[in-house]
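Residue numbers (my numbering), protein chains in the order written: chain A, 64 to 175; chain B, 286 to 397.
It cannot be assumed that every hint is accurate.
What the hints assert, rightly or not - Within a straight-line C-alpha distance of at most 30 Å, the following computed BS3-like cross-link-like pairs (lysine-lysine) qualify:
# : chain 1 : residue 1 : chain 2 : residue 2
1 : B       : LYS342    : A       : LYS74
2 : A       : LYS163    : B       : LYS342
3 : B       : LYS343    : A       : LYS120
What the hints assert, rightly or not - Some but not every residue of chain B turned toward chain A, in silico, with C-beta under 7 Å:
# : residue
4 : SER378
5 : PHE387
6 : GLY390
Just so you know, the hints here were simulated from the structure itself, not pulled from any lab data. In this text, a Cβ means the ideal position worked out from N, Cα and C, and glycines have one as well.
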Amino acid sequence: DAGITQSPRHKVTETGTPVTLRCHQTENHRYMYWYRQDPGHGLRLIHYSYGVKDTDKGEVSDGYSVSRSKTEDFLLTLESATSSQTSVYFCAISELLDEKLFFGSGTQLSVL
Amino acid sequence: QQQVKQSPQSLIVQKGGISIINCAYENTAFDYFPWYQQFPGKGPALLIAIRPDVSEKKEGRFTISFNKSAKQFSLHIMDSQPGDSATYFCAASTAAGNKLTFGGGTRVLVKP
């Protein structure tokens, strides 16, 4: 696998609590992405980053924020988790925008 | 609105058979069409990709066929093997950074 580490791998939380997921890369790729995967919906882009402190919204960004203070780290924050945010979250990296994405192993998040 | 529609949702094929997965898109500006393969518990991995300047691309037992006028593309897995059992996602994006849009996925099961 490309050098991508997601943490935690599993998380169970309660509605209304804040949650932060972390993505760490060792490949020095410019682009980093957060996707969520839900049955029947494939993968949907939440946010992506094209450099340190440079981020943009994706298709399903409501309720999520991101930060990238270093090239290697991309954080996804759910300010106040809701049950609809129960999903599997994948981080991905690439050298070129939207091409040859390398995905992490995912974080299974359950919001009760 | 799903811009990339993938079918079927699931597929069972005998070992040695041909698996065929179809995708249709609406945005005529799409010009990059990758396929990703995902095994249970893992993140998706790029399998093969095509651009509209060619109608077919083959890599080993995997072939993408592209029909620009019909706005459709498909993945053929020849001589399917049990190790090919996975979920396959088609996707599309534009050079203008339209952000990669994924189909809903097809779960393929190859029976020995």
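Results of checking the hints against the structure:
no.: 1; hint: B:LYS342 x A:LYS74; verdict: 41 Å, violated
no.: 2; hint: A:LYS163 x B:LYS342; verdict: 16 Å, holds
no.: 3; hint: B:LYS343 x A:LYS120; verdict: 34 Å, violated
no.: 4; hint: SER378; verdict: 4 Å, holds
no.: 5; hint: PHE387; verdict: 4 Å, holds
no.: 6; hint: GLY390; verdict: 5 Å, holds
In this structure, the earlier hints numbered 1, 3 are contradicted, and the remaining ones agree with it.
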